[in-house]
Amino acid sequence: EPEVTQTPSHQVTQMGQEVILRCVPISNHLYFYWYRQILGQKVEFLVSFYNNEISEKSEIFDDQFSVERPDGSNFTLKIRSTKLEDSAMYFCASRATPNTGELFFGEGSRLTVL
Amino acid sequence: AQSVTQLGSHVSVSEGALVLLRCNYSSSVPPYLFWYVQYPNQGLQLLLKYTTGATLVKGINGFEAEFKKSETSFHLTKPSAHMSDAAEYFCAVSIGGYQKVTFGTGTKLQVIP
Chain C
1 EPEVTQTPSH
11 QVTQMGQEVI
21 LRCVPISNHL
31 YFYWYRQILG
41 QKVEFLVSFY
51 NNEISEKSEI
61 FDDQFSVERP
71 DGSNFTLKIR
81 STKLEDSAMY
91 FCASRATPNT
101 GELFFGEGSR
111 LTVL
Chain X
1 AQSVTQLGSH
11 VSVSEGALVL
21 LRCNYSSSVP
31 PYLFWYVQYP
41 NQGLQLLLKY
51 TTGATLVKGI
61 NGFEAEFKKS
71 ETSFHLTKPS
81 AHMSDAAEYF
91 CAVSIGGYQK
101 VTFGTGTKLQ
111 VIP
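Read top to bottom, the protein sequences are chains C and X. Using my numbering, read the first sequence as starting at 1 and increasing by one per residue. Using my numbering, read the second sequence as starting at 1 and increasing by one per residue.
Don't read these hints as lab results, they were simulated from the structure. Because the structure is a prediction, the values reported are computed rather than measured. Even glycine gets a Cβ: it sits at the ideal position worked out from N, Cα and C. Treat the hints with caution; some may be incorrect.
A short, non-exhaustive set of chain C residues, derived as facing chain X with CB atoms under 10 Å [as the list claims (entries may be wrong)]:
(1) Phe65
(2) Arg80
(3) Leu84
(4) Gly106
In silico lysine-lysine, BS3-like type, Cα no more than 30 Å apart, as pairs [unchecked claim]:
(5) X:Lys58 x C:Lys78
(6) X:Lys68 x C:Lys42
(7) X:Lys58 x X:Lys68
(8) X:Lys58 x C:Lys42
(9) X:Lys69 x C:Lys78
These stretches of chain X come out as covered by chain C in the derived footprint (C-beta under 8 Å, 3 or more residues) [as the list claims (entries may be wrong)]:
(10) 14-25
(11) 59-73
(12) 104-110
The following block holds chain C by itself, in its conformation from the complex (with noise of 0.2 Å):
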């Protein structure tokens, strides 16, 4: 069955760093989304990217945050200066058209940021 994949699943870096989270998303998708869940808390909203560009963006994604599809399968979520409050599990999500709605996650990838 398709999935979407995510690399790596735990990153540990100092504050200061840059960070890249990798996914692939299921091949025949076209909506490619960022959300993050800092740790007992709510699922948010970063991102989302169609047609290679961002479509909608929350207040969270800040000048830190890029995201790209550098080519046919990945995409990728760059924190430019990670800060103590980045640290959380972020899940690279992905859809197929609109009219199927929901959106198929990724296992996640963990950041901790020192």
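Given the coordinates of chain C, assemble chain X onto it according to the supplied hints.
What follows is chain X alone, placed relative to chain C:
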């Protein structure tokens, strides 16, 4: 803007008892509604969804939910809880098939043997 409210951050039921997890939504247009389940240290798995059509939707693992427009609710039920149902459940809403999905705060379900 859309939102969902989940009543009860923790729910405990006995094994074999009815599971009822409550979700109310707010949306200015007909919503798409979802329930996702998250097991410890895992991602989010879709349990069921409502987009259009039949208001009672059945999902995986014996769960079902009913869309009630008059009550703006989409409560999740299962007739008989199993130990393996212990997890966190998230209700979510989207105002269109291509729009972002907004999640509720989650309900942790504990199943007591």
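Hints versus structure:
Violation of the interface hint for Phe65 of chain C is found here, the shortest Cβ-Cβ separation to chain X being roughly 15 Å, above the 10 Å cut-off. A least Cβ separation of about 23 Å between Arg80 of chain C and chain X goes past the 10 Å threshold, and the interface hint is therefore violated. A hinted interface residue such as Leu84 of chain C counts as satisfied when its beta carbon comes closer than 10 Å to some beta carbon of chain X; here the least separation is about 22 Å, so the hint is violated. A hinted interface residue such as Gly106 of chain C counts as satisfied when its beta carbon comes closer than 10 Å to some beta carbon of chain X; here the least separation is about 6 Å, so the hint holds.
Annotation: proposed proximity of Lys58 of chain X to Lys78 of chain C is violated, straight-line Cα distance about 38 Å (limit 30 Å). For the hint pairing Lys68 of chain X with Lys42 of chain C, the CA-to-CA distance comes to about 24 Å; that is within 30 Å, so the pair holds. A distance of roughly 15 Å separates the Cα atoms of Lys58 of chain X and Lys68 of chain X; the hinted pair therefore holds under the 30 Å criterion. The straight-line distance between the Cα atoms of Lys58 of chain X and Lys42 of chain C is roughly 25 Å, inside the 30 Å bound, and the hint therefore holds.
Of the supplied pair hints, the one linking Lys69 of chain X and Lys78 of chain C is violated, its CA atoms being roughly 40 Å apart against a limit of 30 Å. Beta-carbon proximity to chain C at under 8 Å applies to 0 residues in the region 14-25 of chain X; the threshold of 3 is not reached and the given coverage is violated. Residues of the region 59-73 of chain X lying with their CB closer than 8 Å to a CB of chain C number 0, which falls below the three-residue condition for coverage. Three residues within the 8 Å Cβ limit are the bar, and the region 104-110 of chain X against chain C gives 3, so the coverage statement holds.
Violated hints for the displayed structure, listed by number in ascending order: 1, 2, 3, 5, 9, 10, 11.
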